[in-house]
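Engineer: Protein sequences, first through last, are from chains R and G.
According to this note's numbering, the first sequence is numbered sequentially starting from 1.
According to this note's numbering, the second sequence is numbered sequentially starting from 1.
Since the hints were derived computationally from the structure, they do not count as laboratory data.
Keep in mind that this is a model prediction, so the values were computed, not measured.
Incorrect hints may have been included.
Lysine to aspartate or glutamate pairs mimicking EDC-like chemistry, simulated, CA-CA at most 20 angstroms apart [claimed, not checked]:
{"hint": "1", "chain 1": "R", "residue 1": "Lys3", "chain 2": "G", "residue 2": "Glu165"}
{"hint": "2", "chain 1": "G", "residue 1": "Lys13", "chain 2": "R", "residue 2": "Asp178"}
{"hint": "3", "chain 1": "R", "residue 1": "Lys84", "chain 2": "G", "residue 2": "Asp68"}
{"hint": "4", "chain 1": "R", "residue 1": "Lys249", "chain 2": "G", "residue 2": "Glu91"}
{"hint": "5", "chain 1": "R", "residue 1": "Lys253", "chain 2": "G", "residue 2": "Asp54"}
{"hint": "6", "chain 1": "R", "residue 1": "Lys85", "chain 2": "G", "residue 2": "Glu99"}
{"hint": "7", "chain 1": "G", "residue 1": "Lys13", "chain 2": "G", "residue 2": "Asp54"}
{"hint": "8", "chain 1": "G", "residue 1": "Lys124", "chain 2": "R", "residue 2": "Glu71"}
{"hint": "9", "chain 1": "R", "residue 1": "Lys85", "chain 2": "G", "residue 2": "Asp68"}
{"hint": "10", "chain 1": "R", "residue 1": "Lys6", "chain 2": "G", "residue 2": "Glu91"}
{"hint": "11", "chain 1": "R", "residue 1": "Lys14", "chain 2": "G", "residue 2": "Asp114"}
{"hint": "12", "chain 1": "R", "residue 1": "Lys85", "chain 2": "G", "residue 2": "Asp95"}
{"hint": "13", "chain 1": "G", "residue 1": "Lys18", "chain 2": "R", "residue 2": "Glu71"}
{"hint": "14", "chain 1": "R", "residue 1": "Lys14", "chain 2": "G", "residue 2": "Glu91"}
{"hint": "15", "chain 1": "G", "residue 1": "Lys70", "chain 2": "R", "residue 2": "Asp146"}
{"hint": "16", "chain 1": "R", "residue 1": "Lys6", "chain 2": "G", "residue 2": "Asp95"}
{"hint": "17", "chain 1": "G", "residue 1": "Lys102", "chain 2": "G", "residue 2": "Asp68"}
{"hint": "18", "chain 1": "R", "residue 1": "Lys3", "chain 2": "G", "residue 2": "Glu99"}
{"hint": "19", "chain 1": "G", "residue 1": "Lys13", "chain 2": "R", "residue 2": "Glu71"}
{"hint": "20", "chain 1": "G", "residue 1": "Lys172", "chain 2": "G", "residue 2": "Asp114"}
{"hint": "21", "chain 1": "R", "residue 1": "Lys249", "chain 2": "G", "residue 2": "Asp54"}
{"hint": "22", "chain 1": "R", "residue 1": "Lys253", "chain 2": "G", "residue 2": "Glu91"}
{"hint": "23", "chain 1": "R", "residue 1": "Lys6", "chain 2": "G", "residue 2": "Glu99"}
{"hint": "24", "chain 1": "R", "residue 1": "Lys3", "chain 2": "G", "residue 2": "Glu214"}
{"hint": "25", "chain 1": "G", "residue 1": "Lys5", "chain 2": "R", "residue 2": "Asp146"}
{"hint": "26", "chain 1": "R", "residue 1": "Lys84", "chain 2": "G", "residue 2": "Glu99"}
{"hint": "27", "chain 1": "G", "residue 1": "Lys226", "chain 2": "G", "residue 2": "Glu213"}
{"hint": "28", "chain 1": "G", "residue 1": "Lys233", "chain 2": "G", "residue 2": "Glu214"}
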Amino acid sequence: MNKIVKYVMIDILKSKVVLTYLLFLIIICFSIFNLDDNTTKGILSLLNIILFIVPLISLIYSTIYIFNSGEFIELLVAQPISRKKLITSIYAAVSLSLVTAFILGTGIPILIYSPDKTGFLFIITGALLTLIFTSLAFLGSVITRDKAKGIGMAIFIWLFFSILYDGILLLIMFQFNDYPIEKLLMVLSSFNPVDISRILILIHTDYSALMGYSGALFKEFLGSQKGSVVIFIILIAWVIIPAIAAIRKFIRKDF
Amino acid sequence: MIEIKSINKRFGKLHVLKDVSVQIKKSNSVALLGPNASGKTTFIKCLLGMLIPDSGQIEINNQSIMGDYKYRNMIGYMPQIGRYPQNMTIEQVFDMILEIRKTSLSGADTELIDAFGLRSLFSKRMGTLSGGTTQKVSACLAFLFSPEIIILDEPTAGLDPLSSEILKEKIKQERIKGKIILITSHILSELDELVSEIMYLREGSLVFHSSIEELQNRTGEKSVSKVITSILKTPYE
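All chains should be modelled from the sequences, with the hints used to inform the complete structure.
Structural biologist: Right, here's the structure in full:
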């Protein structure tokens, strides 16, 4: 394993934040699955919580981690190591530990209570969301020098994708009620990784029937093989594009 | 040999380095002097690639350092305020840097570690260290790989008299070995036996860069501190 990844991993494990996150996920999952006999319902309740928590934790933790390892980065920037390797290693270590915590924390309960396709899909999208928001956090913290600003930006990104974006969509829906805007909505939703993950999982459950005409349209497109592939491509683009932007920015950064 | 060709660096509106050109030949030991905020640390950081100059060229042994990182194998750097990962122990920090430089502690220059008695503190976490001990760690790291170029940014600030003596001894030794040494310091009296050239920056411009003998002849003074004060009193041509 890459030595920088190794050192960052040791550091992350020592701080115990990720371990707490793992425990937290396990507790939430077990308590939700135990509240209801219906595991699909359980998955849905879990989905709502996870879609809030995963982006928030990934963003805030990654941002704080990068700012707190300013010293570490400063130390290594003066060493014979390329900046590209440095930042990609830190990214790999942070995202790997968050993804591992997520997969273990939700994977174990899901494997026990709902070991089916939806459960599996749930874990994959959750892991991708973790990667996406870690990438965005990296981009944000490479751009800003100020910790408070960086964290503010992280919170704003979270608010935007979790709440504001849906608000805007709702507004559009009400305003253009009389027009056939389903396709437009579908396109707009695809730009939000949180929304698209939610839709992806919803349409793979029986509850998609409750989503009305838009739901049917979503199901027709996204429920198909092709649709799922498109969604995954979008999600992966959300991981890669901010990450590459962050790396490029970091290479030119002043210390 | 280090060759710096008219580098400029701006931080926003602030023009920190103005067209600085310097040549430092092999086995020269240079004191980088100047008032606060004259661009000393910026200059050093440009050499290390921590800052990227807006324009100009930096060459080490006739190789441009822009976009390169391997050249840093030749450089040992002691920062002004060494900041280290709080959770790592001293030993882990050493191990990490050693691993990056692909050597082991047995193959490295551990003279300073022993002289400072750091081995007994190896299991202490960096976050718990005092400022002085942190400086010692920085110093050890700078000398660990017997680099060809040693850059020390205010090396003795925060060290107790005994430790700063040890460090100065070490610098002298390395100087004899023919290393290029670049020191910034505000304590002029301690530079006497350490440097052979003086480079003076003011508000980002290089005021002068000449050998000590030349400056001594010009001013008729012996010690570095007297030389500098005498130059600063009379306008330099």
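Engineer: Enumerate the violated hints, using their earlier numbering and listing them in ascending order.
Structural biologist: Those not satisfied are hints 1, 2, 4, 11, 13, 15, 19, 22, 24 and 25.
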